[in-house]
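Given the sequences, and given the hints that come with them, work out the whole structure.
Heads up: the sequence lines are chains A and B, in that order.
So for the first sequence, the numbering used here puts the first residue at 32; every next one is plus one.
So for the second sequence, the numbering used here puts the first residue at 329; every next one is plus one.
Where hints are given, some of them may not hold.
Result set (EDC-like, lysine to aspartate or glutamate): computed pairs, CA atoms no more than 20 Å apart in a straight line [to be verified]: (1) B:K671 to B:E399; (2) A:K93 to B:E732; (3) B:K601 to A:D281; (4) B:K713 to B:E470; (5) B:K526 to B:D515; (6) B:K681 to B:E388; (7) B:K502 to B:D630; (8) A:K93 to B:E768; (9) B:K762 to A:D114; (10) B:K464 to B:D366; (11) B:K424 to B:E732; (12) B:K713 to B:D697; (13) B:K685 to B:E394; (14) B:K562 to B:E732; (15) B:K762 to A:D116; (16) A:K93 to A:D114; (17) A:K93 to B:D765; (18) B:K578 to B:E754.
Selected chain B positions facing chain A (in silico; Cβ < 10 Å) [stated by the list, open to error]: (19) S451; (20) L595; (21) D599; (22) R736; (23) K762.
Derived Cβ-Cβ restraints for the label pairs, each shown as a range [unchecked claim]: (24) A:F323 to B:T458: 41 to 49 Å; (25) B:K706 to A:L193: 46 to 54 Å; (26) A:D281 to B:K410: 32 to 40 Å; (27) B:E509 to A:F323: 55 to 63 Å; (28) A:L193 to B:P416: 39 to 47 Å; (29) A:G77 to B:R696: 54 to 62 Å; (30) A:Q182 to B:K527: 16 to 24 Å; (31) A:L193 to B:G641: 50 to 58 Å.
Hints were generated in silico from the structure; no laboratory data involved.
Every residue, glycine too, gets a C-beta built ideally from N, C-alpha and C.
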Amino acid sequence: MALTFAATPRTPQVVAPRPRGKRGRAARRSLTGWAFAGPATLMVVGLSIFPAVWAFFISRTKWNGIAPATDVGWRNYQRIATDPDAIAAAQHTLVLTVLFVPGSILLGILIAVALNQRIRLIGFYRTCIFVPYVASAAATGILASFVFNPQFGAANEALRRLGLPAQQFLESPGQALIVICLIALWGEVGFCAVIYLAALQDIPRELVEAATVDGAGKWRVFRHITLPELRPVTVFTAIWQTITAMQLFDLIYTTTRGGPMNSTQTVVYYIYELAFQTQRLGYGAAVAYLLFAVTMLLTVGVIWYNRRSGSGAF
Amino acid sequence: MTSTRRGRRTRLLAAATAALLLTAACTGGTDDGDDGKDAAAGYDPAAAVTLTWWTGQTSEAEQVAEGLAAEYHAAHPNVTIKTSAGAPTTDDLLTKLSAGFAGGSYPDISYAFGNWAGDLAASGKTQDLTAFVAEKSFAWTEIPEAARTVATSGGKVIGIPALVDNLALIYNKKLFDAAGEAYPSDDWSWEQFRAAAKKLTNPATSTYGTAYSVSGSEDTTWHLWPLLWQHGGKILDGTKPAFNSDAGVKALELLRAMAVDDKSMYLDQTDEKYGPLFNSGHVAMMLSGPWSLLDIKDAKLDYGVAALPGVNGDHQTVSGPDLWVLFDHDDANRAGAARAFIKWLTSAQIDAKWNLKVGNLPLRSAERDTPEFAAYVKEYPGGQKFFDNLANAKQARPTVAGYEVMSRNVGDGIAKVLQGAATPKEALDEAARKSADALEE
Chain A
32 MALTFAATPR TPQVVAPRPR GKRGRAARRS LTGWAFAGPA TLMVVGLSIF
82 PAVWAFFISR TKWNGIAPAT DVGWRNYQRI ATDPDAIAAA QHTLVLTVLF
132 VPGSILLGIL IAVALNQRIR LIGFYRTCIF VPYVASAAAT GILASFVFNP
182 QFGAANEALR RLGLPAQQFL ESPGQALIVI CLIALWGEVG FCAVIYLAAL
232 QDIPRELVEA ATVDGAGKWR VFRHITLPEL RPVTVFTAIW QTITAMQLFD
282 LIYTTTRGGP MNSTQTVVYY IYELAFQTQR LGYGAAVAYL LFAVTMLLTV
332 GVIWYNRRSG SGAF
Chain B
329 MTSTRRGRRT RLLAAATAAL LLTAACTGGT DDGDDGKDAA AGYDPAAAVT
379 LTWWTGQTSE AEQVAEGLAA EYHAAHPNVT IKTSAGAPTT DDLLTKLSAG
429 FAGGSYPDIS YAFGNWAGDL AASGKTQDLT AFVAEKSFAW TEIPEAARTV
479 ATSGGKVIGI PALVDNLALI YNKKLFDAAG EAYPSDDWSW EQFRAAAKKL
529 TNPATSTYGT AYSVSGSEDT TWHLWPLLWQ HGGKILDGTK PAFNSDAGVK
579 ALELLRAMAV DDKSMYLDQT DEKYGPLFNS GHVAMMLSGP WSLLDIKDAK
629 LDYGVAALPG VNGDHQTVSG PDLWVLFDHD DANRAGAARA FIKWLTSAQI
679 DAKWNLKVGN LPLRSAERDT PEFAAYVKEY PGGQKFFDNL ANAKQARPTV
729 AGYEVMSRNV GDGIAKVLQG AATPKEALDE AARKSADALE E
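Structure, rendered in structure tokens:
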């Protein structure tokens, strides 16, 4: 994944008009272009676009993957509106997103500012923060389910030493989603921190120095220079983390499998359950398409708002 | 500039349309292949054929299977059997099979969980073995009735049972001794079970009387069925849910009382924790099957096995048989050869070298007297009890399309009740309402 940030676009790129060559040359150039782009294009079309289109057709059928599919038109989509499990799953995803996205951004900025100090062993601290992000979410989930085991886990042991009552954590319908959010934050905050760290180091020193000369204190520099400069990155992180939160699956799979009592069944987990546990591929595909539409709308909405207010993340 | 962009868009649109047409062709267009003709009509036993066999087994058992296939090939040189596990886990076989059906390359013989039978039968790609198993030489009735029922979907036999098992009560003798309790007996009632579980529970040492999965999966659901049957209830009435009867409510109420009132039941949010907890001495009794014996043996636990507790002397249990499903490739020789091989594999003589060797119960009653069975019972002391308990498996889970959906809804309902979030009546009624659609279609 190539990410490019133009925090403050100072030099708009000027593309020189291409001199027109002969036909053969143009064809060769276009062939060369396709030779580079072709393999990747084939991969994207074959492995992403084709299945996505196929999934749309499946979403208009009733199909268990084995018996022949029967066409049901838009009925799968109509059913979503009256399916209490789908609505509950949407609520869980919403709660998770609302907790996770601002949480990871705030923590990310905080940690990035801390890691931007000139202190000894800073490289070591930076590595430490990033390690959980590198670890696979599945491994994180399995580890966390040991830590948060109500009977034998380290978390309750710590609470006991502090004289606090033991909690049920992942086995309590009221707490499980919050605990999952905490685990996800632990795993993902390294990513935000690194992005913000890069953005912080991108802030022109002159701006900070000018503000300091003008008599601004540390807080005012942060408030009026640093934060506005971080804005494009924040837009990107917000979208990125929203997508992460909405698609969170492996963590839930390895910790609660959607339980207890479906309290951590998010939309993505519900789709998995529908399509691959109870073989309702048609209905599962319909829910997946709805999720796709919502994610798309959200992203387009944020980009549009952002373009209108004139910052350059996208 | 605009014109080239429009040109590109048109081309993209054309490509997308082509893709759509292709995909439409992929989902539709499967006929059910039932032309009333026997798949093996005109089978020539001497014809050279190559069969594909998906065993659904991992490492050790897979090697035993490959050995048996080689043995069969040595005796029948014209039949070559390509043996493979088929998928990384048995669970994945169904996905692999459905992909195989879509792509037109599926095996001749595949392992299948019993609860897939309804769906596989609906694929129209299975052989109809009804007449084949009725031949006297097949000795169909030596196989437990519950397993034979599971192999039959819509009146047609679609496979041969590959494995039989059942649920019984496995208990930790040391924990009973420490509590001064008498070991469970075969004529226990559920009240005795409940009372013992309560006494064996000790929060100070994190010890529970028993355990139950509340993951909402089939593991949650099928543990309820024997209780339902013992109370005289039924899972389905035709294609209508019938488990929300008084019998179902009584059955679930017992579990609720143990989990919520007595707190003597460890509630496992996954299906995977209660086995290890039993093995490590934190759960005194678990309702489980012969597949648990290997892990218990490895944990060196002193254990005993008894029949399930009963209602008014009815101790019936549930069996979760697995199948060898035979598929039709419009080739009489392949169909016939596949039948002959499976008949050989599931014969009393060879099954003793297969199921008993890999630690399962014997498939046929005739294997009781084989030396392999004596060796099995010696290695797994509970094996004899599980074998005897096969006689208590009187009813089978329904083999209808839509069972999976219903199972999930019932499992969710049980999980809610055991965690005190619903009454048995509410939960079962809700599960029945949610399942009605899937079962009827």
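Right, here's what the structure says about each hint:
1. B:K671 to B:E399: 14 Å, holds
2. A:K93 to B:E732: It holds: about 15 Å lies between the C-alpha atoms, which stays within 20 Å.
3. B:K601 to A:D281: Status holds; Cα separation ~19 Å.
4. B:K713 to B:E470: 18 Å, holds
5. B:K526 to B:D515: Given pair B:K526, B:D515 holds - Cα atoms ~19 Å apart, limit 20 Å.
6. B:K681 to B:E388: 13 Å, holds
7. B:K502 to B:D630: 7 Å, holds
8. A:K93 to B:E768: Given pair A:K93, B:E768 holds - Cα atoms ~13 Å apart, limit 20 Å.
9. B:K762 to A:D114: 9 Å, holds
10. B:K464 to B:D366: 18 Å, holds
11. B:K424 to B:E732: 17 Å, holds
12. B:K713 to B:D697: 15 Å, holds
13. B:K685 to B:E394: 14 Å, holds
14. B:K562 to B:E732: Roughly 17 Å separates the two Cα atoms, so the pair holds.
15. B:K762 to A:D116: 10 Å, holds
16. A:K93 to A:D114: 16 Å, holds
17. A:K93 to B:D765: 12 Å, holds
18. B:K578 to B:E754: The given pair, whose Cα atoms are some 13 Å apart, holds under the 20 Å limit.
19. S451: 4 Å, holds
20. L595: Holds, about 7 Å.
21. D599: 9 Å, holds
22. R736: 5 Å, holds
23. K762: 8 Å, holds
24. A:F323 to B:T458: 41 to 49 Å: For B:T458 against A:F323, whose Cβ atoms are near 46 Å apart, the range 41 to 49 Å holds.
25. B:K706 to A:L193: 46 to 54 Å: Given range 46 to 54 Å: holds, Cβ gap about 52 Å.
26. A:D281 to B:K410: 32 to 40 Å: 34 Å, holds
27. B:E509 to A:F323: 55 to 63 Å: Given range 55 to 63 Å: holds, Cβ gap about 57 Å.
28. A:L193 to B:P416: 39 to 47 Å: Taking Cβ atoms as reference, A:L193 and B:P416 lie about 44 Å apart, which means the hint holds.
29. A:G77 to B:R696: 54 to 62 Å: 56 Å, holds
30. A:Q182 to B:K527: 16 to 24 Å: Roughly 20 Å apart at Cβ, these two residues keep to the hinted range, so it holds.
31. A:L193 to B:G641: 50 to 58 Å: 53 Å, holds
Hint compliance for this structure: no hint is broken.
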